[in-house]
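Order-wise, the sequence lines are chains A and B. The opening residue of the first sequence carries number -1 in my numbering; numbering runs sequentially from there. The opening residue of the second sequence carries number -1 in my numbering; numbering runs sequentially from there.
By construction, these hints were calculated from the structure, which means they are not laboratory data. Watch out, some of these pointers could steer you wrong.
Chain copies aren't distinguished; within one or between two, either way the pair holds.
Said to hold, decoys possible - Derived pair list, reagent style SDA-like, types lysine to any residue, alpha-carbon separation capped at 25 Å:
no., residue 1, residue 2
1, Lys225, Met(-1)
2, Lys225, Gln0
3, Lys46, Lys283
4, Lys113, Thr180
5, Lys283, Ala40
6, Lys230, Ala14
7, Lys352, Pro400
8, Lys113, Arg139
9, Lys113, Gln0
10, Lys230, Met(-1)
11, Lys161, Glu134
12, Lys161, Pro112
13, Lys46, Ile188
14, Lys283, Ala399
15, Lys352, Gln150
16, Lys323, His295
17, Lys225, Gln26
18, Lys225, Gly84
19, Lys161, Asp3
20, Lys225, Ile36
21, Lys13, Ala286
Number of protein chains: 2
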Amino acid sequence: MQWTDVLASRALRMKASEIRELLKLLDQPDIISFAGGIPDPALLPVEKFARATAEALVDTAGLQYSVSEGYLPLRQWIRGRMEKLGIACADENILITSGSQQALDYLGKLLISPKDTALVSWPTYLGALGAFNAYEPVYDRLSLRGNRTVAQYRAAAEAAGGKVKFAYLSADFANPTGLTITREERERLIDLCDELNCAILEDGAYQQLRYNGEAVPPILALEIARKGDLEKCRTIYSGSFSKTLSPGLRVGWVVAAREVIERLVLLKQAADLHTATLNQIVVAKVAADDFDGHVAHLREVYGRRRDLMLEALAREMPEGVSWTKPEGGMFVWVTLPEGLDGAALLADALERDKVAFVPGRAFYADGAQGNMLRLSFSLHEKAATDEGIARIGRAIRRALAP
Amino acid sequence: MQWTDVLASRALRMKASEIRELLKLLDQPDIISFAGGIPDPALLPVEKFARATAEALVDTAGLQYSVSEGYLPLRQWIRGRMEKLGIACADENILITSGSQQALDYLGKLLISPKDTALVSWPTYLGALGAFNAYEPVYDRLSLRGNRTVAQYRAAAEAAGGKVKFAYLSADFANPTGLTITREERERLIDLCDELNCAILEDGAYQQLRYNGEAVPPILALEIARKGDLEKCRTIYSGSFSKTLSPGLRVGWVVAAREVIERLVLLKQAADLHTATLNQIVVAKVAADDFDGHVAHLREVYGRRRDLMLEALAREMPEGVSWTKPEGGMFVWVTLPEGLDGAALLADALERDKVAFVPGRAFYADGAQGNMLRLSFSLHEKAATDEGIARIGRAIRRALAP
Chain A
-1 MQWTDVLASR
9 ALRMKASEIR
19 ELLKLLDQPD
29 IISFAGGIPD
39 PALLPVEKFA
49 RATAEALVDT
59 AGLQYSVSEG
69 YLPLRQWIRG
79 RMEKLGIACA
89 DENILITSGS
99 QQALDYLGKL
109 LISPKDTALV
119 SWPTYLGALG
129 AFNAYEPVYD
139 RLSLRGNRTV
149 AQYRAAAEAA
159 GGKVKFAYLS
169 ADFANPTGLT
179 ITREERERLI
189 DLCDELNCAI
199 LEDGAYQQLR
209 YNGEAVPPIL
219 ALEIARKGDL
229 EKCRTIYSGS
239 FSKTLSPGLR
249 VGWVVAAREV
259 IERLVLLKQA
269 ADLHTATLNQ
279 IVVAKVAADD
289 FDGHVAHLRE
299 VYGRRRDLML
309 EALAREMPEG
319 VSWTKPEGGM
329 FVWVTLPEGL
339 DGAALLADAL
349 ERDKVAFVPG
359 RAFYADGAQG
369 NMLRLSFSLH
379 EKAATDEGIA
389 RIGRAIRRAL
399 AP
Chain B
-1 MQWTDVLASR
9 ALRMKASEIR
19 ELLKLLDQPD
29 IISFAGGIPD
39 PALLPVEKFA
49 RATAEALVDT
59 AGLQYSVSEG
69 YLPLRQWIRG
79 RMEKLGIACA
89 DENILITSGS
99 QQALDYLGKL
109 LISPKDTALV
119 SWPTYLGALG
129 AFNAYEPVYD
139 RLSLRGNRTV
149 AQYRAAAEAA
159 GGKVKFAYLS
169 ADFANPTGLT
179 ITREERERLI
189 DLCDELNCAI
199 LEDGAYQQLR
209 YNGEAVPPIL
219 ALEIARKGDL
229 EKCRTIYSGS
239 FSKTLSPGLR
249 VGWVVAAREV
259 IERLVLLKQA
269 ADLHTATLNQ
279 IVVAKVAADD
289 FDGHVAHLRE
299 VYGRRRDLML
309 EALAREMPEG
319 VSWTKPEGGM
329 FVWVTLPEGL
339 DGAALLADAL
349 ERDKVAFVPG
359 RAFYADGAQG
369 NMLRLSFSLH
379 EKAATDEGIA
389 RIGRAIRRAL
399 AP
């Protein structure tokens, strides 16, 4: 059987994610890893989950089929959280997904016909590029500095053979840069997408993890403030419990106008019926049990680890290396001197220094820029951070040596 | 925002499943429902699941990210089961999916480019049609009686603008007919697909639920017996724990040649990262705890309920109505006299007789045949079965009355 004879054209675009391949290295105990956007397992509320599952499994409801839109009490809890962020919505504006990765897949499926254009930041979350790739889009570079006109975006999309369908971005502490876009940039994005008549996909995966600075309202909140009603908005917001309660249970959500949610429900029905029932029940129970207190603790720990990483970088990086100073999330984005390549550096650093990170190229839709590294500070306290960053400094110095 | 301006062409093909809409009716206590292929909640091993989750949640492994291919001990357990069915395979031939519905979605995504042809039985599982629809195939009718030539299938696919990519079918106790295809038909299907050079998608969702008669080897087992090695086979087998242990946990699997599994792993990575970790761990624990004893009990109960339904049908159906006599699974497929319409009958029977079933039209890719009903016997013992089937008989008599 020659499988390439029967594959769909989209299947030929799929390739292994460098992050996922790298995760396999985390099992080696002598490697200090800054790869992977993984919550610290020690911070997952496992006792609460044990209690909640024991409570849930007094009957069979969690083991049985359930509705595609998701478990109502969980959607109600999410509605309450969204309202606090300025996103007034009804239960019918919320769909539960199996993690926010699935939301990206479904939104690609809903919106992209082959050759349509997706506007993305440069760099962008590589999992989003992976999810969208299956639907064969063309990528164009989203600029929030206003240096490209609507006509230019539109002409580029037409030249590529389709239309601009959406702009995708993570507004807060983006993966991989750690950067947050300003309120003014968010407003400009709404203007731009209003003119382009395209959707805005706002990825809120890290939104709750702010360590300092002032919160900026979600794009969807700003759009509702402007237009008066979620039903009139083009922003589709995705959220996740992966960075706060548990990544392994795969529970996330989408908030959008009713018409979008209704279509996503149909799509989910056809794709996997529903997100696991027990997982939704249990997450609803644990979320209802002092979510704010739990997240405050996460902020304290991760915020301290970010500080430790920034201090170590300041101490250990050779001249010519720069990095972002994120106000939240899990990542610092490092720019190496031009001419250095992150992937080559990783191969060398893994082998000789026993330290891991994610090379930056895969985060660019065109794969053009190679001198970047993504470092996650979520896992390590001072000793490992200091040692690991010193190892990276050593590897960079070696690479720079004439 | 005019959402239809930005939808992908595939999104316009999606429509609500009649079964899922009907499930909402199950909440009304005075309705006797034969709709939905739902395991009896009383037969789900909830104590075992409570014990298994308590054991699993002594640490955080179940709450953390895991690999896209699935939890190794679960894949190993599945490998053992597959070997008993004549499907010798390695762990690398197995992918864990979020239910076998997700397997159908992923296989459509892997294989179908728009206008490609999918061969399906007439009728076929409507969830498979729903999953495949998203990838915009054309359907052609699979005949196992040998009354269409390879050249005819090929010409039809070319005329439709693509190639035959696969034949999909449920070999045992198919949804909706309850029928099992013979060994000779399975062999003929392999011949046909060898000549067409297309894949075979074998849906084994009900395979374990045989109540009488002799087991027929899975198509994949017959193909391995013929070709000597799974790696040379074109059959992709999907299985599920939904009908045996729990539908709500959404755990299923795919067995296929390594090249197919590797591509599905990439696809799953991009689509939802992995099936929920805890669910896989817990299902592995419960499956390891006397699966055969548990399934033997299910067979006894469901087999008795099938007998009760067949007896009630023989007693209550007016002349001109016929039905299948399945050897397993959950469904009986009823043919009404020509001219009657299942959907009209349902509307009337729900309203006047308080009884529910699934009208058959949605199971036909061309929606052409309306005088069929699908009845599930999984939920009811004698009293409800007798009363419910009597009500359906009454409704049919009313519809037949001049």
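Do the hints match the structure? See the list:
no., hint, in the structure
1, Lys225 with Met(-1), "between (56 Å within a copy, 11 Å between copies)"
2, Lys225 with Gln0, "between (54 Å within a copy, 15 Å between copies)"
3, Lys46 with Lys283, "both (9 Å within a copy, 21 Å between copies)"
4, Lys113 with Thr180, "neither (31 Å within a copy, 45 Å between copies)"
5, Lys283 with Ala40, "both (20 Å within a copy, 24 Å between copies)"
6, Lys230 with Ala14, "between (38 Å within a copy, 24 Å between copies)"
7, Lys352 with Pro400, "within (23 Å within a copy, 84 Å between copies)"
8, Lys113 with Arg139, "within (15 Å within a copy, 31 Å between copies)"
9, Lys113 with Gln0, "between (27 Å within a copy, 20 Å between copies)"
10, Lys230 with Met(-1), "between (51 Å within a copy, 6 Å between copies)"
11, Lys161 with Glu134, "both (13 Å within a copy, 20 Å between copies)"
12, Lys161 with Pro112, "both (10 Å within a copy, 19 Å between copies)"
13, Lys46 with Ile188, "neither (40 Å within a copy, 51 Å between copies)"
14, Lys283 with Ala399, "neither (55 Å within a copy, 54 Å between copies)"
15, Lys352 with Gln150, "neither (46 Å within a copy, 61 Å between copies)"
16, Lys323 with His295, "within (21 Å within a copy, 61 Å between copies)"
17, Lys225 with Gln26, "neither (52 Å within a copy, 40 Å between copies)"
18, Lys225 with Gly84, "within (13 Å within a copy, 62 Å between copies)"
19, Lys161 with Asp3, "between (30 Å within a copy, 10 Å between copies)"
20, Lys225 with Ile36, "neither (37 Å within a copy, 44 Å between copies)"
21, Lys13 with Ala286, "neither (39 Å within a copy, 34 Å between copies)"
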